[in-house]
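J.: Sequence:
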Amino acid sequence: MAPPNIFLVVLDSARARNCGLHGYSRETTPFLRSLADESVVYEHAKAPSIHSISSHTSIFTGYHTEQHEITEHKSFVKPDATIWRRLSKGYDYDTGIFTANVIVTQTSNLGQTFDTCVGPKRANFRLFDTGLSPLDVQGDISVMEYLQTALTHEAPVRSVLNGVYKKLESRGGSQNPESENASVYIGDLLDWIETRSGPWAACLNLMDTHTPFAPNSEFDTWSDSDAREARAAVESGSVPDPFTDAFWRHLSAMEPLYDGTIRQADAAIEQLVEALEDVGLLDNTLLVITSDHGEGLGEQSALDPSVRLRHHSWGIDEVLTHVPLLVRPPGGDSGRRVRRPASLTEFPSVVEDVVDGDAEAAVADGFVPDGDVVSSTFRIVPPGDELALPEDERSKYFGPWRAVYRTVGDAVIKYARRGDAAVTIDVTDPQNPVKLADTDDGVVAPVFDEFHSEGVRLGTSADREMEDNVEERLSDLGYLR
Numbered sequence: 001m002a003p004p005n006i007f008l009v010v011l012d013s014a015r016a017r018n019c020g021l022h023g024y025s026r027e028t029t030p031f032l033r034s035l036a037d038e039s040v041v042y043e044h045a046k047a048p049s050i051h052s053i054s055s056h057t058s059i060f061t062g063y064h065t066e067q068h069e070i071t072e073h074k075s076f077v078k079p080d081a082t083i084w085r086r087l088s089k090g091y092d093y094d095t096g097i098f099t100a101n102v103i104v105t106q107t108s109n110l111g112q113t114f115d116t117c118v119g120p121k122r123a124n125f126r127l128f129d130t131g132l133s134p135l136d137v138q139g140d141i142s143v144m145e146y147l148q149t150a151l152t153h154e155a156p157v158r159s160v161l162n163g164v165y166k167k168l169e170s171r172g173g174s175q176n177p178e179s180e181n182a183s184v185y186i187g188d189l190l191d192w193i194e195t196r197s198g199p200w201a202a203c204l205n206l207m208d209t210h211t212p213f214a215p216n217s218e219f220d221t222w223s224d225s226d227a228r229e230a231r232a233a234v235e236s237g238s239v240p241d242p243f244t245d246a247f248w249r250h251l252s253a254m255e256p257l258y259d260g261t262i263r264q265a266d267a268a269i270e271q272l273v274e275a276l277e278d279v280g281l282l283d284n285t286l287l288v289i290t291s292d293h294g295e296g297l298g299e300q301s302a303l304d305p306s307v308r309l310r311h312h313s314w315g316i317d318e319v320l321t322h323v324p325l326l327v328r329p330p331g332g333d334s335g336r337r338v339r340r341p342a343s344l345t346e347f348p349s350v351v352e353d354v355v356d357g358d359a360e361a362a363v364a365d366g367f368v369p370d371g372d373v374v375s376s377t378f379r380i381v382p383p384g385d386e387l388a389l390p391e392d393e394r395s396k397y398f399g400p401w402r403a404v405y406r407t408v409g410d411a412v413i414k415y416a417r418r419g420d421a422a423v424t425i426d427v428t429d430p431q432n433p434v435k436l437a438d439t440d441d442g443v444v445a446p447v448f449d450e451f452h453s454e455g456v457r458l459g460t461s462a463d464r465e466m467e468d469n470v471e472e473r474l475s476d477l478g479y480l481r
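Heads up, the sequence shown stops at 481 in our numbering, and the numbers go up one at a time, no gaps.
You may find that some hints are simply not true.
Listed next, the in silico DSSO-like pairs over lysine-lysine satisfying Cα-Cα at most 27 Å (straight line) [said to hold, decoys possible]:
| hint | residue 1 | residue 2 |
| --- | --- | --- |
| 1 | K89 | K74 |
| 2 | K78 | K89 |
| 3 | K435 | K396 |
| 4 | K435 | K74 |
| 5 | K74 | K121 |
Pair ranges (Cβ atoms, derived) [claimed, not checked]:
| hint | residue 1 | residue 2 | range |
| --- | --- | --- | --- |
| 6 | E277 | A364 | 22 to 28 Å |
| 7 | P305 | A364 | 36 to 42 Å |
| 8 | D80 | P30 | 37 to 43 Å |
| 9 | S306 | D356 | 29 to 35 Å |
| 10 | G332 | A437 | 38 to 44 Å |
| 11 | G335 | D410 | 19 to 25 Å |
| 12 | P382 | Q300 | 32 to 38 Å |
| 13 | T221 | R196 | 19 to 25 Å |
By construction, these hints were calculated from the structure, which means they are not laboratory data.
Ideal Cβ positions, reconstructed from N, Cα and C, are used throughout, including at glycine.
Please take these sequences and the hints and turn them into a complete structure.
T.: Right, here's the structure in full:
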């Protein structure tokens, strides 16, 4: 029998809380619910971090954030540390990534760890290489916050113009909903698969579920007048100033639109799975469907209720860390649910088990690690100039934010900490977490103290040392000094 294909599908920014697959009241994922009957569903899967660069690096390498140290948009990882490079070199797989995600394919070198990288359809992301771009700033920031940061850059005028260019080019979001939707990249992927003569391993990152939350009309099922008003504000560039009551109302009002994008992505996955089945590839493919992180829509942080969550900029709450995870092994499964905490950092070990012929053992509970499940982020990094707040009001947003998950009896317990703030939460029912105490029982610090650098970080565009032909390949993208 031919070696199994490996297929990772990432629904960027899709949180489990808003997926029907995980008990959400709106049926946002009807196809995933049906696919679950022949798959393994992990009910408590946790993202390694809350933003793309760190989470994707963890998924690709199997290291936690503190181990790989890839935390900035322009950080670089040693290619040989990724499962994709190991599959290419060690198992003779053709590898490819398909996504509109700029962070994964352009500002970092994660996309260059694949044999084929199909990135954003937009031609350029900055007018001036020497100026700051919104893509260089941690977190989802407002126009005013970007301007404040740009004016402190060594090339302030060029930085401001780069911001204006990206605002006009992308309509204020991290992808173009018309030219970079799921169908476009699924088409690219299927064309690529058709030309493969041997086993392949692919990552498809769909940005439909990311801001600007613009579902096609056929999937915009739940929008009300508040949601339509919020969307119009995004389109016109008249979003309320951040950290104001009006802004939090605006962000919360976008949830029906966000749900529509998840429904849209679900339909795209249905199209994709049917295509694989039609050409006889589905039953010889390990299919993993998940998300790199969740999304904050104005919820209060459990660690500090005075902190509200904005997109995936800071925090460690369940809306940011709890993600969908469905695994269909080659040949399918009987439809089981795993209730123990699971980590996306186990992806490389699951893949290696499958290609080594142990698919059944890998997917039975392959994403459940032997030890604790952890999630963390260093956002926001002091001094937090990207925050439109006075300096004395920024510290409560500073990282690191950290969480540890454990099974205690029949319950799933979360221990979280940021600075002196700590909390213990029962997250057994993902839709209704219950705070148990304003302490982490001394759990978090010792767990994270055990982590050390694995030496896989190459650096940033300013200080990295390149290996093999990575430098030559990245020079075409304009990221050399």
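J.: Which constraints among the numbered hints does this structure fail? Numbers only, ascending.
T.: As far as the earlier hints go, 4, 9, 12 and 13 are violated by this structure, in ascending order.
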